[in-house]
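**Student:** When you get a sec, could you build the whole thing from the sequences and use the hints?
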Amino acid sequence: MKDRIFRATLFLAAGLIVLLTAGIVYGLVSQSMDALTHFGPLHFITSPAWDSRSDDYGALSFIAGTLLTAVLALAFCIPFSFSASLFNGEYFRGRKIATVVGSIVDLLAGVPSIVFGLWGFYTLRPLLAGAGGQGFGILLASIVLAIMIIPYASSLSAEFIAMTPSELKEGAYSLGATRMEVVRYVSLPVAGSGILASYMLAFGRALGETMAVTMLIGNTNNLPHGLTDTGNTMASIIANQFGEAGGLKLSSLMAIGLLLFLLTATINFLSKYILKCVTLSKS
Amino acid sequence: MEDTVKYILELKNVSVSYSPGKQAVDNVSAGIQPHTVTAIMGPSGCGKSTLLRAVNRLHELYRDIRTTGEILLKGESVFRMNPMQVRRLAGMVFQRPNPFPTMSVYGNVLAGYKLNNISLSQAEKDGIVERSLRSVNLWDEVKDSLNKKGTFLSGGQQQRLCIARTLALKPELLLMDEPTSALDPISTARIEELILELKKQVTILIVTHNMSQAARISDQSMFMYLGELVEFGPTKQMFTKPRDKRTEDYLTGAFG
Chain Z
1 MKDRIFRATL FLAAGLIVLL TAGIVYGLVS QSMDALTHFG PLHFITSPAW DSRSDDYGAL
61 SFIAGTLLTA VLALAFCIPF SFSASLFNGE YFRGRKIATV VGSIVDLLAG VPSIVFGLWG
121 FYTLRPLLAG AGGQGFGILL ASIVLAIMII PYASSLSAEF IAMTPSELKE GAYSLGATRM
181 EVVRYVSLPV AGSGILASYM LAFGRALGET MAVTMLIGNT NNLPHGLTDT GNTMASIIAN
241 QFGEAGGLKL SSLMAIGLLL FLLTATINFL SKYILKCVTL SKS
Chain V
284 MEDTVKYILE LKNVSVSYSP GKQAVDNVSA GIQPHTVTAI MGPSGCGKST LLRAVNRLHE
344 LYRDIRTTGE ILLKGESVFR MNPMQVRRLA GMVFQRPNPF PTMSVYGNVL AGYKLNNISL
404 SQAEKDGIVE RSLRSVNLWD EVKDSLNKKG TFLSGGQQQR LCIARTLALK PELLLMDEPT
464 SALDPISTAR IEELILELKK QVTILIVTHN MSQAARISDQ SMFMYLGELV EFGPTKQMFT
524 KPRDKRTEDY LTGAFG
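So the protein lines, in turn, are chains Z and V. The first sequence begins at 1 in our numbering and counts up one residue at a time. The second sequence begins at 284 in our numbering and counts up one residue at a time.
Keep in mind that the hints were calculated from the coordinates and are not lab data. The reader is advised that the hints may include incorrect statements.
As a list, the in silico DSS-like pairs of lysine-lysine whose alpha-carbon atoms are at most 30 Å apart [unchecked claim]:
| hint | chain 1 | residue 1 | chain 2 | residue 2 |
| --- | --- | --- | --- | --- |
| 1 | V | Lys426 | V | Lys453 |
| 2 | V | Lys397 | Z | Lys169 |
| 3 | V | Lys431 | V | Lys289 |
| 4 | V | Lys432 | Z | Lys169 |
| 5 | Z | Lys272 | V | Lys432 |
| 6 | Z | Lys169 | V | Lys528 |
| 7 | V | Lys289 | V | Lys453 |
| 8 | V | Lys408 | V | Lys431 |
Selected chain V positions facing chain Z (in silico; Cβ < 7 Å) [said to hold, decoys possible]:
| hint | residue |
| --- | --- |
| 9 | Arg370 |
| 10 | Arg371 |
| 11 | Met375 |
| 12 | Phe377 |
| 13 | Asn381 |
| 14 | Thr385 |
| 15 | Gly395 |
| 16 | Leu398 |
| 17 | Leu403 |
| 18 | Gln405 |
This structure is a prediction, so every number in the text was calculated from the model and none was measured. Glycine residues also receive a C-beta, built at the ideal position from the N, C-alpha and C atoms.
**Tutor:** Shown next as structure tokens:
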């Protein structure tokens with residue numbers, strides 16, 4: 001009897017979570033309908049307009065801002081996260097120094113977004129401002145984003161690099177390979193899909209990051225044309241304007257929220273799927 | 284000088300320890316003549332694989348493992364040679380077939396060249412692949428699937444592929460660490476035949492804990508026990524008239 005009550009409770013809880021997710025999606029869809037039907041979904045996505053006076057809204061500037069900052073952040077983070085994952089996963093694997101470096105990298109993941117924003121605003125921005133302007137913009141936001149996603153990319157990659165079977169590495173060494181050749185031709189190719197998946201997870205995280213980006217990107221509703229341009233991401237425009245919006249503008253923000261949700265969900269799903277394939281083939 | 288040249292491999296007082304004070308291989312000395320098959324026998328944990336891995340300096344990949352003594356390959360100390368050079372001269376085949384999963388059959392045979400950044404012309408590559416696969420009697424079985432992943436082959440084929448991969452680098456010595464222990468009897472028989480054929484090209488040192496395998500394929504045998512080389516001599520003599528009581532007990536199945 002107790003067992004059945006417990007089972008029923010579990011089912012109820014699980015069901016509630018599914019309902020909750022469905023509710024969020026339904027809320028987003030229903031509230032973005034106004035904007036999507038008024039502008040047409042395709043026009044909404046491809047229009048760079050964001051004008052409260054003429055009530056004309058489009059998502060292109062923010063989609064561009066989001067993709068631009070996330071891709072740049074990924075590019076900036078690779079040299080650091082890649083070396084960190086080789087350091088921890090291969091060269092100093094199992095040594096004390098690797099544990100120390102690993103914990104410090106993981107510590108980055110635990111720093112609240114607002115703290116990164118604050119640091120970027122008062123420490124990094126003045127440095128960039130030296131080159132002219134106030135320092136806000138795509139570049140500043142991307143640099144801080146890059147630091148924020150380093151732990152996501154490096155910890156998981158390090159695990160996959162460390163998982164390379166020692167019999168394969170010994171096989172390569174016994175053919176006269178140096179350590180660098182073993183890493184390049186054996187460990188990295190074998191860990192390849194896992195590494196790809198960890199960078200996709202990091203990318204997904206960069207897409208949705210809000211607080212720090214909102215503080216650093218300059219918050220202008222235009223299509224960015226260069227690194228030093230200011231702009232907005234999908235997340236930052238919502239954070240900026242949700243409180244004062246109503247009617248068609250609010251519905252447009254909802255539609256942007258829906259798009260962002262679909263985008264990050266897809267990236268996450270893909271990376272999880274790759275991870276699942278990798279772990280299945282390993283065992 | 285003449286004494287050392289007679290042997291392709293000479294072990295002088297070789298000891299290996301995994302941690303200070305614990306000898307896994309204890310003061311082993313032996314000379315191996317070229318174009319022979321030498322079986323290293325003994326119960327699990329007697330140090331036979333450890334001795335084999337000392338020859339191509341594989342222990343140096345791990346911290347805390349110490350090798351002492353002298354190992355001469357063609358009269359030259361392996362410790363004074365570049366380890367990469369040693370490992371190319373003394374190829375190794377492992378207990379479990381370990382073809383590189385990201386490489387094709389073709390790529391696996393050439394892996395040694397790729398790993399050493401040696402560039403070859405297409406004709407040279409094709410020649411090496413065909414010659415190496417033929418020398419392990421695998422060519423006819425895989426010539427139509429050279430671009431498939433090496434891991435799609437059967438266990439026995441994979442092991443022959445790994446032998447081909449090693450032979451492609453033209454080693455003088457082939458170190459085999461229980462190469463058939465993960466294989467079925469038919470694949471095992473094929474590898475054993477192959478070992479007898481390969482004797483013409485290379486000198487073979489094979490670790491086995493299958494006594495009948497040692498009897499079938501080896502010219503001389505080493506019997507190791509608790510890290511010590513108890514007996515070393517012609518296989519026939521060891522199987523018929525062992526000199527040491529421990530060898531006799533092992534061969535008659537008293538332990539092992």
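**Student:** Each hint: holds or not?
**Tutor:** Cross-check of the supplied hints:
1. Lys426/V with Lys453/V: 21 Å, holds
2. Lys397/V with Lys169/Z: Distance ~14 Å between Lys397/V and Lys169/Z Cα, so the pair holds.
3. Lys431/V with Lys289/V: 43 Å, violated
4. Lys432/V with Lys169/Z: 18 Å, holds
5. Lys272/Z with Lys432/V: Cα-Cα ~25 Å, so holds.
6. Lys169/Z with Lys528/V: 40 Å, violated
7. Lys289/V with Lys453/V: 20 Å, holds
8. Lys408/V with Lys431/V: 17 Å, holds
9. Arg370: Holds. Min distance 4 Å.
10. Arg371: With a minimum Cβ separation of about 4 Å from chain Z (threshold 7 Å), the hint on Arg371/V holds.
11. Met375: Met375/V check passes; min Cβ-Cβ to chain Z is 4 Å, inside 7 Å.
12. Phe377: The hint holds - Phe377/V has a Cβ within 7 Å of chain Z, the shortest such distance being about 6 Å.
13. Asn381: Since the shortest Cβ distance to chain Z is 4 Å, the answer is holds.
14. Thr385: At 4 Å from the nearest chain Z Cβ, Thr385/V passes the 7 Å test, so the hint holds.
15. Gly395: Cβ of Gly395/V sits 4 Å from chain Z, so the hint holds.
16. Leu398: 4 Å, holds
17. Leu403: Where the cut-off is 7 Å and the nearest Cβ of chain Z is about 15 Å from Leu403/V, the hint is violated.
18. Gln405: 19 Å, violated
Hints 3, 6, 17, 18, counting from the list given before, are not met by this structure.
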